[in-house]
Amino acid sequence: MIARCLAGALLGFPLAATLIALSLRLLPHGGAAFLIPAMILFFPLWIALMAGTYMFRSGARAWMVLGLANAAAFLVLWATRSAGFP
Amino acid sequence: MKASTIRTYQTVHTWTGLLAGFALFVAFYAGALTVFHNDIATWQNPPWRSAADAGVPVHTLIDRLTATQPAAKDNFGIVLPTDASHAAYAFWQDKDDERFASASQLHAPRAEAGENELADFIYALHDSLGLPVIGLTLMGIVSVLYGLALVSGFLMHLPQLVSSLFAIRAGRNLKRLWQDAHNAIGVISLPFHIIFSITGALFCLLGLTLATLNTVAFDGKLYSAFAQATQTTPTITASGTPAVMLSPEVLLERARATALTLGVTTFEPDYMHFVHYGDYNAVAEVRGLSQHTLGTFGTIVLSARDGRVLRTFAGDAYSLNGISYAALYGLHFGSFGGRTVQWLYFILGLAGAFLFYSGNLLWIESRRKRRHLDQPQRTRVMARATIGVFLGTCLGISGAFAATWIAVRLGADAGLPQRITCYGLFLAACVYACIRPIAKATVELLMATAALTIVVAVADLISNAGAFAQAWTPLTPSVLGVDLTGIALSIVFACFARATARRARTGNAHSVWALPAAS
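Protein chains in written order, with this note's numbering: chain U, 45 to 130; chain B, 12 to 530.
Excised from the complex, chain U in its bound form:
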């Protein structure tokens, strides 16, 4: 229970942040026109990830899956920057 709480709170935060940054980056002009709606979506997304984490069978699984998701999201974020997205 505690392990899943921590996984959701600690790994959900950067995952929500990168998902939002990534979706903005793929929009025209770096998503400048959609920045505030995207910021508004940050807390609901983080909370949804925290709530979703309790669906995992165990704490270890939650840490592993969310950790991998984070790594993948950061990797894609880095790749899009290298590919020349603003």
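A hint or two may mislead.
As the list claims (entries may be wrong) - Output of the computed footprint for chain U on chain B, the stretches with three or more beta carbons under 8 Å from beta carbons of chain U:
| no. | segment |
| --- | --- |
| 1 | 206-220 |
| 2 | 236-242 |
| 3 | 327-341 |
As the list claims (entries may be wrong) - Pairwise CB distance ranges, derived in the manner of DEER restraints:
| no. | chain 1 | residue 1 | chain 2 | residue 2 | range |
| --- | --- | --- | --- | --- | --- |
| 4 | U | Val120 | B | Ala222 | 21 to 27 Å |
| 5 | B | Lys380 | U | Ala47 | 27 to 33 Å |
| 6 | B | Ala396 | U | Ala115 | 39 to 45 Å |
Source of the hints: derived by calculation from the structure; they are not laboratory data.
Ideal Cβ positions, reconstructed from N, Cα and C, are used throughout, including at glycine.
Go by the hints and put chain B onto chain U.
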């Protein structure tokens, strides 16, 4: 969903609810009153007993500000009065400190916006429990926990949601009745609660969130992008050539006329902002409140020298960013739809406070030992904490009204008496709830709150009777409304007290709410 998953969400709902519930009760009770912020300000200083400096025109305030505080010229704001019996005040930055002053206070400016205003004190209780520095961050964390409690509460009731949403099973099983009431209020007002959880977290944690996201995911570019999306002030440099400024009254009128051409039906200016006042390039921004639109707060940017419209952020001229930013405030404060929406927010706010109260009661009731006179320690502690904090908040806020009422009539500053009375009564209620038998403490605290509330309201009605009879101003209904709402709330408190007393006497004896049997 598997039964075990539902049980997990039940645990999450219980713990997030308990952790956040105490602070949320304060936020919702004070927040329901904050909906009528301006009416409470009018109640404190009605037209027949104006605050100091009321009636000083805005141009006089600006003239005195630029004469006594020349450094403020580069960047200052003017907060326009909420009504004719309040004073406009200037706001500027003195090095790192914020300064506030109405026309006669410019030589010794204040460090706080409204230190004697009851309405501002209640707002501070609402947004930060009145705690400096940490209060706002704390309430931000509470908002996130609240969001988690909403999601988990919704998920755990999902399987039987549709079938039992409108079921209020009043019968011998009191816990079932409380559970039904808790679920019905929670689900029906869910959209309203989602708004507060999201906007509350954003308002309280904006600085921290931007700073973190900026480093974590945005390569340090978030600050400039955010400023670009939300800032209304154009970047200008002073020319160095002095120029004569238009009077603020002319600028306000021009801003209003401009806003009305952009498709909003009303535009009531509440704030002005000047950059490089007295310079050829000086800029004036006018912020105003519009009704019946998501972009509740609009801003018109003008040249302060000739009144040319430089930029517009209102009605049709809003970008998606601008309108979503403005909508956050409109939706949180319920300022978008006149009196109807204000009353709706007031009632939903009180219903929200009830949601947290009933949540705690359910926790206690579901841990009740059947057919045991001795209830476990934890349910007794929770019962004492619940009535101490929740009823103490109501008593403390009524006390703040009483202290303000007396201080104003003695001609004293109301700021300190408000705080001492409010926190004093709150702490006293907590101590009282710890030492009295629980049922007695509940009844007595409810009765004390009802009595204090009705005494202040009736005293205010009587003392204002002459003024009501003499001249009926457009502000009179505000004063009358606050008093009558006070009387209505005191009747509600008295009803709660009566119900609690009856339950203590005739309800199940094996409960923390029962009177201990005479032995």
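Hint check:
Counting residues of the segment 206-220 of chain B whose CB lies closer than 8 Å to any CB of chain U gives 5, which reaches the minimum of 3, so the coverage claim holds. With 5 residues carrying a beta carbon less than 8 Å from a beta carbon of chain U, the segment 236-242 of chain B meets the three-residue requirement, and the given coverage holds. A count of 7 residues in the segment 327-341 of chain B with a Cβ less than 8 Å from any Cβ of chain U is obtained; the coverage claim is therefore met, three being the minimum. At about 23 Å, the beta-carbon gap between Val120/U and Ala222/B stays in the expected band of 21 to 27 Å.
One distance hint, 27 to 33 Å for the beta-carbon pair Lys380/B and Ala47/U, holds here, with the actual separation near 32 Å. At about 43 Å, the CB distance of Ala396/B to Ala115/U agrees with the hint of 39 to 45 Å.
In this structure, none of the earlier numbered hints is contradicted; all agree with it.
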